[in-house]
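Participant: Next come the chains, spelled out residue by residue.
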Amino acid sequence: MTEPIVELRHVTAGYAGRPVVADVNCRIMPGEFVGLVGPSGAGKTTLLRALLGMVDVYEGEVLVDDQQVNGRRRPSIGYVPQLETIDWQFPVTVDEVVMLGRATSSGPWPWPRASDRRDARELLEQLGIAELAGKHIRALSGGQQQRVFLARALIRNPRLLLLDEPTSGVDIKTRDDIMHLLVDLNRTGVTVIVSTHEINALAAHLPRVLCINGGVVADGHPRDVFTPEILRRTFGGEMVVVRQGTLTLVADRPHLFDEFDEDGLPDGSPEAAADARA
Amino acid sequence: MPDLIYPLEFAFFRQGLAAATMVGALTGLIGVFVVLRRMSYIGHGLSHAVFGGAVVGYVAGINFYAAAGLWGFVSALLINQTTRRRQIGADAAIGIVTTSSFAVGVALISRASSVTRNFDAALFGNLLGVSRGDLWVIAGVLVTTVIVVFFTYKQLLFMTFDPDVAPAYGVATGWLDALFALVLAATIIASIRIMGVTMIAASIVIPPVVARLLTDRFAVMLVLSSALGAVVAFVGLYISYFADIASGAAIVLTSATLFGVTLAAVSAREWVRSGRPRAALQALPAAEPEPPLFD
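Protein chains in written order, with my numbering: chain A, 617 to 894; chain B, 345 to 639.
Pulled out of the complex, with its shape left as it was, chain A reads as follows (with noise of 0.2 Å):
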């Protein structure tokens, strides 16, 4: 029976001894794709730092790879962080961003070796931005950025890799084209967890979403999650779900209608009217 790459069992974690997530159980699989969704301040970055051994656990047990994670032993991960902390005017390439995911293990010297700038180069080749290696971070554009961060956790070799709200303050294209790059990296074997906001990104990319709220408010297949019970208990307040075939849609309660029937749709709206005639 294959065991969970990352197990959560019981798990409080938080800050400065204030918990921000309680009493949460999770169990994900080798070569999942998971989604965390919940509002600002929900404790999904909380729950990616607990795997990384970053945030102080006061109850439970955080496991990677069946071995405990605390601030002393820390699992090969990727992991891409928000990158409204990065100070774009820092004097560093793309290329030595990508170079720094090898950092500790690359040798004494100040220089990479031959075989990480060959490894740092199909990288960047694999995910379309070869010709910038040699640029200045500032010349990069959002999604340009989160391919460069996206390869310094790459080339590490992970088999898990989380990522930090990866498609925010990027257009609509750019986020489509991480979320199939990240698909396109899940189908090779690499189990992916990722925080968002985009809620209807998930919806169309992942199989499995987590909704957070101080904890695991709910678990399972988009469709199944995103219902505007769970959602109001996560978000705490009213969402429109919309459903089209295999589509999921949720949006923002709309002010053209005031009452919404159990379905969650607008009443009197089209969907709503259709609804009701089936």
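Honestly, I wouldn't trust all of these hints.
Stretch-level coverage of chain B by chain A, calculated; a stretch enters the list once three of its residues show a Cβ under 8 Å from a Cβ in chain A [to be verified]:
# : stretch
1 : 493-501
2 : 508-516
3 : 551-560
Some, not all, of what chain B presents toward chain A, calculated at C-beta under 8 Å [unchecked claim]:
# : residue
4 : Leu380
5 : Phe505
6 : Met565
To be clear, the hints were calculated from the coordinates, so they are not data collected in a lab.
C-beta atoms are modelled at their ideal positions from N, C-alpha and C, and glycine is treated no differently.
Keeping the supplied structure of chain A fixed, place chain B upon it in accordance with the hints.
Facilitator: Only chain B this time, still in chain A's reference frame:
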């Protein structure tokens, strides 16, 4: 045209010149990390803290380097610990620790009249104060710092560029921070006789800022900043001799002139290229108080 060879006949000048050039390279090198981590204020603060330790050592009859070194390192750790309390910002922590330490030095000086005659030299630098022993100390700190930077280059780069994520990639940031604090304290102590307490911060900040204006590559910035630091210290010390002004002040004024000329040249180039005269300034790190210094 002054005779540039003539001052070299004096041993004190030769020693001062060698010391200043090494100090310039040293502060230029370590300054890259200080500037990019937006810790510029710590150079100013630690030099004031070290002054307190130096005076305590002098009054107590303890070796200057031992007293100032211990005091500086403890100050750096105290700043770090104070900063960890989230209610207190890094700038406030530096202000409290270092000004208190400086006040200890001033209080002791006002009680011990024998120290007063060296007060100006301590504050503004004096090339007459450099002994052969000082030269060895400066050379030792320079070589040690180069070795540390050489063998921890990739980890230091990661920690400076992306401190939040570096631990997740296996960089031992706690250990590296402590090492950096030690090297920074040693740099300030080694530089204090040439630069003076009040001038060290500028020698740590200006060469890296000039280098940043000239390159977009980290490794090039390290080399360029060290070289510029050495050159302005060399030139500054000659100016100090011929103009009969404090060595620290002469070196800082030379650095500031270089910064002004470089900024004007780079801005002019940007203006010609893009029609945006202020583009060069955007490359400089914003002046803002910064997060945990030795996290």
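Participant: Holds or violated: methionine 565/B as interface residue toward chain A, Cβ cutoff 8 Å?
Facilitator: holds (5 Å)
Participant: Counting residues of the stretch 508-516 of chain B that have a beta-carbon nearer than 8 Å to any beta-carbon of chain A, does the count reach 3?
Facilitator: holds (count 8)
Participant: Can you tell me if the stretch 493-501 of chain B counts as covered by chain A, using C-beta to C-beta distances under 8 Å and a minimum of three residues?
Facilitator: holds (count 6)
Participant: Was the hint right that leucine 380/B lines chain A, CB cutoff 8 Å?
Facilitator: holds (7 Å)
Participant: Take the stretch 551-560 of chain B, compare each residue's beta carbon with every beta carbon of chain A, and decide whether three or more fall closer than 8 Å.
Facilitator: Check passed, 3 qualifying residues.
Participant: For the hint on phenylalanine 505/B, just tell me whether its beta-carbon gets within less than 8 Å of chain A.
Facilitator: holds (5 Å)
Consistency note: the structure conflicts with none of the earlier hints.
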